[in-house]
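The numbering used here applies: residue 1 is where the sequence shown begins, and numbers increase by one.
Mixed in with the good hints there might be a few duds.
[Said to hold, decoys possible] Lysine-lysine pairs mimicking DSS-like chemistry, simulated, CA-CA at most 25 Å apart: (1) 66 x 127; (2) 330 x 300; (3) 322 x 296; (4) 51 x 66; (5) 51 x 83; (6) 112 x 67; (7) 83 x 112; (8) 127 x 104; (9) 51 x 67.
[Stated by the list, open to error] Label-pair restraints from in silico Cβ distances: (10) 112 x 84: 25 to 31 Å; (11) 260 x 31: 44 to 50 Å; (12) 313 x 67: 52 to 58 Å; (13) 90 x 255: 22 to 28 Å.
Don't read these hints as lab results, they were simulated from the structure. Just so it is clear, CB atoms sit at the ideal spot from N, CA and C, and this is done for glycine as well.
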Amino acid sequence: MKTTFAFCIALVMTLSLSGQDLFTNLTEKYSGREGFSATNLSRDMFDLYLKKKQVEPDSPVYETLKKLNNILVVSQSDYISGKTDDRAAAAVPEIHNAILAHYKNPSYTLFKTENRMGEDLKVYLKKSGEKVNALALVTASPTRVVLVELTGDIDLANVSDLNKALNIRGLENLDRINSPSGSHTLWRFYSDNNFPLNEDQRMQLQQLEEQMKSMKERGSEEIIIQRRELDERQWKMAERFREMADRYREYADRSREYAERSRELAERYGRHPIILSNPGDTNIVYIIDGKKTDVKTMRKLDPDQISTIEVIKSDKNKPGKKGEIRITTKK
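Could you build the full structure based on these sequences and the hints that come with them?
Set out below in structure tokens:
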């Protein structure tokens, strides 16, 4: 038993070191290039992301993340601030070749390969028995290369959910592991039922998809130029959508907090809270102990000092008659 346990530890360390060596080599050589990005997350950092995104313990993504030991993401783009950078452009094929050479190791198996509209995708797996202990996803176009490597106990069925929990550029490519060939990443990710898209946003995504399809009939140089522009537009849209998703979550959190406070107040005072209007609202008159006051004073009132509350609603048939909230404090 001890021997088996020691072997498992050694295996995990070997997997991590293998990815760490590649990560170190690439960052040391290319970190000074414009357009280069590298992220290295270890298990002790996962809890921070889980808390920040408020991922429920019973969700599939929570279980998937808890089983991982490390996440590496490396990317290089040649499109910087609206224009092509020559040094960055030279680094794209260099990094791609270095990554492919690393995963030609016999311990890795090519799980999936796809070449579509100038973009090459490869998925490599490292297995121990029936378990997948390492996964590497490499996507490359003439303008951009991205590596995502996961180590640990990997669940291929749910690994794409990591992109929903971790806001790390590059993880959206995980959605392509189990998807049919020919389906575009951005459209698949944002058109599912987990993200609310309005009609304008759906039209934008459909237009991008149509433009990608039309590029098949064009020359390679034009493909490179237009793909660069489309990539930039896609990432800007993705970032905006992620910001919107964060705002939706914040709103939902505030709604839950308000509901909880309302429940506590109802239990304590035997009545439901009154929602005070915003400052400057002239439709409500606030009165404390017979004296007219403003909403700011009302908000500062200690609930324990309230004896009675009387609400007089405004009369729709009498537009000039304002509603009133009358409070009597304890003497």
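Tested hints:
no.	hint	result
1	66 x 127	19 Å, holds
2	330 x 300	15 Å, holds
3	322 x 296	18 Å, holds
4	51 x 66	13 Å, holds
5	51 x 83	38 Å, violated
6	112 x 67	23 Å, holds
7	83 x 112	33 Å, violated
8	127 x 104	15 Å, holds
9	51 x 67	16 Å, holds
10	112 x 84: 25 to 31 Å	30 Å, holds
11	260 x 31: 44 to 50 Å	46 Å, holds
12	313 x 67: 52 to 58 Å	56 Å, holds
13	90 x 255: 22 to 28 Å	51 Å, violated
Taken one by one, the earlier hints fail for this structure at numbers 5, 7 and 13, listed in ascending order.
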